[in-house]
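Heads up: the sequence lines are chains X and P, in that order.
Reading the first sequence from the start, the letters are residues 1 to 277 in this note's numbering.
Reading the second sequence from the start, the letters are residues 278 to 527 in this note's numbering.
Hints are supplied without guarantee of correctness; some may be wrong.
Here are the in silico distance ranges between beta carbons for each label pair [said to hold, decoys possible]:
{"no.": "1", "chain 1": "P", "residue 1": "M368", "chain 2": "X", "residue 2": "P148", "range": "14 to 22 angstroms"}
{"no.": "2", "chain 1": "P", "residue 1": "L434", "chain 2": "X", "residue 2": "N88", "range": "42 to 50 angstroms"}
{"no.": "3", "chain 1": "P", "residue 1": "M368", "chain 2": "X", "residue 2": "V102", "range": "29 to 37 angstroms"}
Think of the hints as simulated: they come from the structure by calculation, not from any bench.
For every residue, glycine included, the Cβ atom is placed at its ideal position computed from N, Cα and C.
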Amino acid sequence: MAVSFWQKVMDIDRRWIYLVIGIVTFVPILWYIGMPVKVTPEVKAVFDKIESLPPGSIVMVPMEFDPATAAELEPMAKAVVRHCFARNLKVMTTAFMIDGVVLVERDLALVAAEYGKEYGKDYVYLGYKPYMQIVLLNMGENFRKPFPRDYYGKKLDDLPMMQGVNNYSNISCIVGINATSGADYWINYASGRYGAQLALGVTAVMATDYYAFLQSGQIFGLMGGLKGAAEYEKLIGRPKDVANRSMDAVSVAHVFIILFIVIGNIAFFATGRQKKV
Amino acid sequence: MQEVTFGTVLWMTSAAFLTVCIFSFLYRDNPLYRFAEHLVVGVSAGYWIAILYHTSLTDLWIEPLGASISAFSQPGGSFAAKTGMLVVNIMPGLIGLLMFSRFYSKTSWISRWPIAFYLGVSAGVALPLFLQSFVVRQVAANMINPSDIFGAMAADLTILFSYGNITFLFWQGFGELIIVVGCICGLAYFYFSAEHKGIMGGAAKVGIWVLMIGFGATFGYTVMSRISLLIGRFNYLISWVSAIGDFLRI
Numbered sequence: 001m002a003v004s005f006w007q008k009v010m011d012i013d014r015r016w017i018y019l020v021i022g023i024v025t026f027v028p029i030l031w032y033i034g035m036p037v038k039v040t041p042e043v044k045a046v047f048d049k050i051e052s053l054p055p056g057s058i059v060m061v062p063m064e065f066d067p068a069t070a071a072e073l074e075p076m077a078k079a080v081v082r083h084c085f086a087r088n089l090k091v092m093t094t095a096f097m098i099d100g101v102v103l104v105e106r107d108l109a110l111v112a113a114e115y116g117k118e119y120g121k122d123y124v125y126l127g128y129k130p131y132m133q134i135v136l137l138n139m140g141e142n143f144r145k146p147f148p149r150d151y152y153g154k155k156l157d158d159l160p161m162m163q164g165v166n167n168y169s170n171i172s173c174i175v176g177i178n179a180t181s182g183a184d185y186w187i188n189y190a191s192g193r194y195g196a197q198l199a200l201g202v203t204a205v206m207a208t209d210y211y212a213f214l215q216s217g218q219i220f221g222l223m224g225g226l227k228g229a230a231e232y233e234k235l236i237g238r239p240k241d242v243a244n245r246s247m248d249a250v251s252v253a254h255v256f257i258i259l260f261i262v263i264g265n266i267a268f269f270a271t272g273r274q275k276k277v
Numbered sequence: 278m279q280e281v282t283f284g285t286v287l288w289m290t291s292a293a294f295l296t297v298c299i300f301s302f303l304y305r306d307n308p309l310y311r312f313a314e315h316l317v318v319g320v321s322a323g324y325w326i327a328i329l330y331h332t333s334l335t336d337l338w339i340e341p342l343g344a345s346i347s348a349f350s351q352p353g354g355s356f357a358a359k360t361g362m363l364v365v366n367i368m369p370g371l372i373g374l375l376m377f378s379r380f381y382s383k384t385s386w387i388s389r390w391p392i393a394f395y396l397g398v399s400a401g402v403a404l405p406l407f408l409q410s411f412v413v414r415q416v417a418a419n420m421i422n423p424s425d426i427f428g429a430m431a432a433d434l435t436i437l438f439s440y441g442n443i444t445f446l447f448w449q450g451f452g453e454l455i456i457v458v459g460c461i462c463g464l465a466y467f468y469f470s471a472e473h474k475g476i477m478g479g480a481a482k483v484g485i486w487v488l489m490i491g492f493g494a495t496f497g498y499t500v501m502s503r504i505s506l507l508i509g510r511f512n513y514l515i516s517w518v519s520a521i522g523d524f525l526r527i
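Construct the complete structure from the given sequences, taking the supplied hints into account.
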């Protein structure tokens, strides 16, 4: 019996789909189209908060990502830090994902060099400590308890920026860039226990979970995945940075995935919903 | 522009090779993929040990312990206070060392003590705050005054029909209405002490739709997330080719 077209579609080797997705993702990276990126209120809220701070205020930007999630969160972290430095705000950073400790150090140094910022005076990198929830609670009392020294081994009291900076009450706001359930800890301890002003930048997978906290007012802003990063880049006037350039590829890949889902469903119903082994 | 050295090219090429090794799994499982996978596990373990030693063990345990031993050996000061500090600084190390008892089956039961200690502390610290942040605050966020919801919708319609202006207050109220109704219906779906018939059945059915829409949104975001990671690797491979070009002055 001749095999129907839809049966052939059902039997297609999944590697062809991988190949198509690979090609349609790769091509727009090479040829930049510049598809429009609409700024959402939850990302604008983060921008507005940083914009409203007087120069010299300290913004804490904890960066919890590793090489596996850097593609989404690194552009976001860089955009937020660029915004802070452009506004002459001071930046304090931690890295509670152990695989990302060096990535964060590199990114901070790179952006600081762009704006001529000096370590210890304009920004401080505290580095990594294990058992995040205990560390966050301790930071609410004094940053020096969990971090007697910064990432480079310098005592916090020896850093000019840290003079008189003891706990969350000395920080204007926290913009946590987070790829883990550590975001829950920031909500629970920094915001819940110590009332710190908190916004989150999370991977796209996590984003839907955190809209509930935005609605409840536990966070004042939310950036989700590469789209959130692209929106922030646009807000700070860098519409050709990596996240925006990548949004073309995201859009084209999404169109093809939707097409595949539609075709797959048609094939599924056309072949009489036979159970495949 | 930063100068591209031979070392940069070498490391970038290693990373590009490992990226291709991992991608090769999309075709089928193969030794190159397994090599890259095992390398990641091994390198990560070594890297973690080094980072933990330099950023945690030294400044949170070794240095305070050294300071308390030094203070203890110095004349003067309160003996009780010095002994107290010494014990406080020795205990974390001792409790941590108990974890190594897992290496021998006869002593592995001892490792339950530090685990129990950690679990006890974590649960004690987390539970009250967790209830506050993830239950009380979320429940409170769903207690929206109905007069606010319908008031906003009515105000918008009044402005629209009286002045012809759109204020979007209607959609704000409508959104809040969806949150309240969606929450109640979602809870109804998970309420198993009453049969899902009549009003309860209807609410549970709406609850399923609310859940499905939530899952759909999460799936959409997940697809975007995975594509973003693929883009990240492609961007890396492009920067690798570009670095080789710069190195060879092409």
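Quick rundown of the hints versus the structure:
1. P:M368 x X:P148: 14 to 22 angstroms: holds, 18 angstroms
2. P:L434 x X:N88: 42 to 50 angstroms: 46 angstroms Cβ-Cβ, so the 42 to 50 angstroms window holds.
3. P:M368 x X:V102: 29 to 37 angstroms: Check passed, 32 angstroms falls within 29 to 37 angstroms.
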